[in-house]
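Required output: the full structure, derived from the provided sequences and hints.
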Amino acid sequence: MRRNSFFTIIVVPDAQANYKKFSISRKKIYILCYCIAIFFLSFIILCCSNVYFANTVAQLKKVVPENKKLKDENSSYKKAIVDLTKKMEDFGFVAKKLKLMAGITQPADAFMENPGVGGMGSSEMTGMPQSKTMQEITSLKNSSNQLSQNFKLLEQSFQKQYLLLASTPSITPVKGFISSGYGMRRNPFTATADFHMGIDITAPLGKAVASTANGTVIFAGKKPVIGNIVTIDHGYGIITNYGHLSKILVQPGQKVKRWDIIGLVGNTGKSTGPHLHYEVVRNQNTINPLDYMLDFEYIQ
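Residue numbers (our numbering): 818 to 1117.
Hints are computed from structural coordinates only; laboratory data are not their basis. These numbers were taken from a predicted model, which means no experiment stands behind them. Glycine included, each C-beta is placed from N, C-alpha and C at the ideal position. Check before you lean on any hint, since a few could be wrong.
DSS-like, lysine-lysine: derived pairs with alpha carbons at most 25 angstroms apart [to be verified]:
1) LYS1074 x LYS977
2) LYS1074 x LYS1039
3) LYS1087 x LYS1040
4) LYS949 x LYS885
5) LYS886 x LYS949
6) LYS992 x LYS1087
7) LYS992 x LYS1039
8) LYS1040 x LYS1064
9) LYS958 x LYS896
10) LYS903 x LYS888
11) LYS949 x LYS904
12) LYS1024 x LYS992
13) LYS888 x LYS949
14) LYS888 x LYS878
15) LYS1040 x LYS1024
16) LYS896 x LYS886
17) LYS958 x LYS969
Cβ pair distances, simulated, as ranges [stated by the list, open to error]:
18) LYS977 x LYS886: 50 to 56 angstroms
19) ARG1002 x GLN1101: 20 to 26 angstroms
20) GLY1000 x VAL911: 42 to 48 angstroms
21) THR825 x ALA854: 21 to 27 angstroms
22) MET951 x LYS886: 16 to 22 angstroms
23) LYS879 x ALA854: 35 to 41 angstroms
Here's what the structure looks like:
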């Protein structure tokens, strides 16, 4: 058999004393070295772990307030989404009312009447997944885009309404009193009954005469019976005539607006005294100008 190797250690306390001898096998020495190595390795690992965990704890201490801040901001965003959703709903109801006022008849899918419906309730403001928040933001974006298109439609409609209103006669061309109304009357020159296609407004000679709506002057000159006359085309089939003027202050092709002075009260043509003959023609038919004189004051 192979003999085990031993290491012998001799301990001599002093020159006079007996020595002591210890024998240790090579196997035990190897085991002891392994144990020492494992001990030091474990010690190193423990030290590194302590350093790592210490750094981790320090980082967590920094992350905790940041995480709280993010949670607070997230709650603020969620609340903002709720508020924006409510405002979008309010704007949607306003747009619906304006749509009715403007007379828009687009179908529901072309004109969204209630944008923003389906937003978060107050109970959903806590613990909402991020994906849900993003869905709400996307929904708000879509609603805002649709609402923007709706208001563009309203703007176009109201612009048309504005043009129509601006081009519709609505004021008295000159302040005075009506000496001859619209319809059948006794002709002051022939003493026979005839149809008066406008009204005569008696006013002082030279008093300013205003255009009753926006339009374009299509005639400004003299005619045998009506004398000096201005004819304005307001579009939409509406034309107004202003006769017996003493002076014409506009010319054909000129753009005029409501209240613009176009001439002066006169007595030209066949007339019994200073007055304005005022006509409103719609679709080539004369109509009673009083229906288009919303501010007329009757002076007795």
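Hint check:
no.: 1; hint: LYS1074 x LYS977; in the structure: holds (16 angstroms)
no.: 2; hint: LYS1074 x LYS1039; in the structure: holds (22 angstroms)
no.: 3; hint: LYS1087 x LYS1040; in the structure: holds (10 angstroms)
no.: 4; hint: LYS949 x LYS885; in the structure: holds (20 angstroms)
no.: 5; hint: LYS886 x LYS949; in the structure: holds (20 angstroms)
no.: 6; hint: LYS992 x LYS1087; in the structure: holds (22 angstroms)
no.: 7; hint: LYS992 x LYS1039; in the structure: holds (23 angstroms)
no.: 8; hint: LYS1040 x LYS1064; in the structure: holds (13 angstroms)
no.: 9; hint: LYS958 x LYS896; in the structure: holds (16 angstroms)
no.: 10; hint: LYS903 x LYS888; in the structure: holds (23 angstroms)
no.: 11; hint: LYS949 x LYS904; in the structure: holds (20 angstroms)
no.: 12; hint: LYS1024 x LYS992; in the structure: holds (9 angstroms)
no.: 13; hint: LYS888 x LYS949; in the structure: holds (15 angstroms)
no.: 14; hint: LYS888 x LYS878; in the structure: holds (16 angstroms)
no.: 15; hint: LYS1040 x LYS1024; in the structure: holds (21 angstroms)
no.: 16; hint: LYS896 x LYS886; in the structure: holds (15 angstroms)
no.: 17; hint: LYS958 x LYS969; in the structure: holds (17 angstroms)
no.: 18; hint: LYS977 x LYS886: 50 to 56 angstroms; in the structure: holds (52 angstroms)
no.: 19; hint: ARG1002 x GLN1101: 20 to 26 angstroms; in the structure: holds (22 angstroms)
no.: 20; hint: GLY1000 x VAL911: 42 to 48 angstroms; in the structure: holds (45 angstroms)
no.: 21; hint: THR825 x ALA854: 21 to 27 angstroms; in the structure: holds (24 angstroms)
no.: 22; hint: MET951 x LYS886: 16 to 22 angstroms; in the structure: holds (20 angstroms)
no.: 23; hint: LYS879 x ALA854: 35 to 41 angstroms; in the structure: holds (38 angstroms)
In summary, the structure agrees with every hint in the numbered list given earlier.
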